[in-house]
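Visitor: These protein sequences, in sequence, are chains B and C.
Letter by letter, the first sequence follows residues 1 to 261 of this note's numbering.
Letter by letter, the second sequence follows residues 262 to 516 of this note's numbering.
One thing to keep in mind: the hints can contain errors.
With a straight-line cut-off of 20 Å between C-alpha atoms, the simulated DMTMM-like cross-links for lysine to aspartate or glutamate are [unchecked claim]:
hint	chain 1	residue 1	chain 2	residue 2
1	C	LYS295	C	GLU444
2	C	LYS268	C	GLU364
3	B	LYS152	C	GLU332
4	B	LYS152	C	ASP465
5	B	LYS152	C	GLU422
6	B	LYS152	C	GLU346
7	C	LYS445	C	ASP465
8	B	LYS254	C	GLU508
9	C	LYS370	B	ASP168
10	C	LYS353	B	ASP168
11	C	LYS353	B	GLU156
12	B	LYS254	C	GLU438
13	C	LYS331	C	GLU444
14	C	LYS295	C	GLU438
15	C	LYS268	C	GLU286
16	C	LYS353	C	GLU364
17	C	LYS295	C	GLU319
18	C	LYS295	C	GLU364
19	C	LYS445	C	GLU277
Treat the hints as calculated values from the structure; they're not laboratory data.
These are the residues of each chain, in order.
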Amino acid sequence: MRWLSHTMRGRFLGGASLVAAAVIWQIVADFVVRNPFILPSFTDVASAFFGLLGSGILIQDLTTSLIHFAIGIGAAFLVGVPIGMAMGWFPDANTVADPIIEVIRPIPPLAWIPFAIVWFGLTPQSAGFVIFVGAVFPILISTFAGFRNVPKVFVEAGKVLGCTRSRDLIRYVALPAATPSIVSGIRIAMGVGWMCLVAAEMFGVSRFGLGQKIWWYYYLHQMPNVVVYMLVLGFIGLLLDRLFRHYVGNMLLKWQSGEVV
Amino acid sequence: MGGVSVKGLTKVFAREEGAGIVALENVNFDIRDKEFICLVGPSGCGKTTLLRIIAGLERATSGEVRIDGKEITGPDPSRGMVFQEYSLFPWKTVVGNVAFGLEMRGVPKDRRLSIADEYIRLVGLEQFRDSYPYELSGGMRQRVAIARALANDPDVLLMDEPFGALDAQTRNRMQKELLALWEKTRKTIVFVTHSVDEAVYLSDRILVLTPRPGTVHEAVDVPWPRPRDRTSTEFATIRRHVLRLIEDGEEPGKV
């Protein structure tokens, strides 16, 4: 009972704090700044939000962005995990691949935008590519670390139980042992990918997209709409992370004690 | 069957420069089928290395180990091993761990689960069948590890200080349970331990190794029936004898 009331109290305070922030925002916008271009008020933004939602355009932007995001993260997963596994398991693969990765990795993902456009044109793949560049290294490196740090005793226990081929050891011992590390790498990658999404879309790879519309409404000087897209980006980013943590994390890592991911 | 024969076994660990470290030198002994052997010796004498060579996890520099006449070339499910650290796969439940070896051998699911359940019952953990290792105590984890090794029906069970991390009471209980299991399954057991008390309580024969380079100092027979009384005079006599053998080899200041 006390625990429940404690949680309720927390929820109440959290909600109250958000309401207070909105009220202060409204007051500052209406009475201090008094210029909706510099600071749109809370009510301006709320009515812009319902307008954009009602016209269906917000949903279309969201769908487009999620497609870009899925392309980028999906490709990063498909490339990052196998390469990370190979580098973590076979020292030779690491020796060969590591110098190349160390040269490419520090290049900021946004620096790839010209080549993204040259290679893929103004397509969803082009935005996906920039997200891919941002997301692939966290996934690759955490997979590598997970494989490198598989406790030796698990590998040896696997061997004496008849799991002797490299392929089986990877599949039945190393991969499950490395899963927590891979999962946390994907989580980091999703955060980085979400940031890259906005920048990639600002370069006009599509007529839709959350990032694209921020730039578009800025050109039109419709600042309440810009704020709507900023808040939607933040909220969807949070939601994606929570969903991932809740479903994927709990499903794959229920064998871990304590906090997941 | 599970007779083990070790002949002229030498293990040298290579070092980057200079001569390698000789861990074991010309070790010779035979273990009869269904015999319970304990390996004891001062720290660093190569007991664990010897066990790992028998398991096939480590290669001998020269000499050979044969099980029922067949030379060992690598790890093999015919030799089960229980490790000192917790070696259960944390991502598998108790039953998943115990069935792992059978899964690797391609035993169909129904069959391997029923065999696993049988061994889980044997170590008294039916209630924890679907628990994950993190939910178990240290003693329970080692019981699962023993069940996992036995489920493969190995000829020889190798145990590397399996109770070393347990508290004294749990340890005594585990020793009793291990003997009961051994009576039931009649495996050849090679058991590495630091505890002379444990060795005298458990084994048919104690192989005392010398300090590095390790070699067999003396094989001490423990001929009495079990269960043994730890407080009896003959228990104390053998204990004293084995302890003296270990101390013999130890030079002062070289630990």
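Visitor: State for each hint whether it applies.
Guide: Okay, the hints, checked on the actual structure:
For the hint linking LYS295 (chain C) to GLU444 (chain C), the alpha-carbon distance of about 10 Å falls within 20 Å, and the restraint holds. Only pairs whose Cα atoms come within 20 Å are accepted, and LYS268 (chain C) paired with GLU364 (chain C) is rejected, the gap being roughly 34 Å. Distance restraint check for LYS152 (chain B) and GLU332 (chain C): the Cα-Cα separation of roughly 25 Å exceeds the 20 Å cut-off, and the hinted pair is therefore not satisfied. Only pairs whose Cα atoms come within 20 Å are accepted, and LYS152 (chain B) paired with ASP465 (chain C) is rejected, the gap being roughly 32 Å.
For the hint linking LYS152 (chain B) to GLU422 (chain C), the alpha-carbon distance of about 17 Å falls within 20 Å, and the restraint holds. Distance check on the hinted pair: LYS152 (chain B) and GLU346 (chain C) sit about 11 Å apart at the alpha-carbon level, within 20 Å; holds. Note on LYS445 (chain C) and ASP465 (chain C): the hinted pairing holds, with a Cα-Cα distance of about 16 Å set against a maximum of 20 Å. For the suggested pair LYS254 (chain B) and GLU508 (chain C), the alpha carbons sit about 49 Å apart, so the restraint of at most 20 Å is broken.
Using a Cα cut-off of 20 Å, the hinted pair LYS370 (chain C) and ASP168 (chain B) holds, with the two alpha carbons roughly 18 Å apart. Between the alpha carbons of LYS353 (chain C) and ASP168 (chain B) the distance comes to roughly 16 Å, so the proposed pair stays at or under 20 Å and holds. Note on LYS353 (chain C) and GLU156 (chain B): the hinted pairing holds, with a Cα-Cα distance of about 16 Å set against a maximum of 20 Å. Pair hint LYS254 (chain B) plus GLU438 (chain C) does not hold up; C-alpha atoms about 31 Å apart against a cutoff of 20 Å.
With a CA separation close to 26 Å, the supplied pair LYS331 (chain C) and GLU444 (chain C) exceeds the 20 Å bound. Restraint check: the Cα-Cα separation between LYS295 (chain C) and GLU438 (chain C) comes to about 17 Å, which is no more than 20 Å; the hinted pair holds. Between the alpha carbons of LYS268 (chain C) and GLU286 (chain C) the distance comes to roughly 11 Å, so the proposed pair stays at or under 20 Å and holds. Annotation: proposed proximity of LYS353 (chain C) to GLU364 (chain C) holds, straight-line Cα distance about 13 Å (limit 20 Å).
For the given pair, LYS295 (chain C) sits about 24 Å from GLU319 (chain C) by alpha-carbon distance, which is inconsistent with the 20 Å threshold. A distance of roughly 26 Å separates the Cα atoms of LYS295 (chain C) and GLU364 (chain C); the hinted pair therefore is violated under the 20 Å criterion. With a C-alpha separation of about 48 Å, the suggested pair LYS445 (chain C) and GLU277 (chain C) falls outside the 20 Å cut-off, and the hint is violated.
In summary, the numbered hints that this structure violates are 2, 3, 4, 8, 12, 13, 17, 18, 19.
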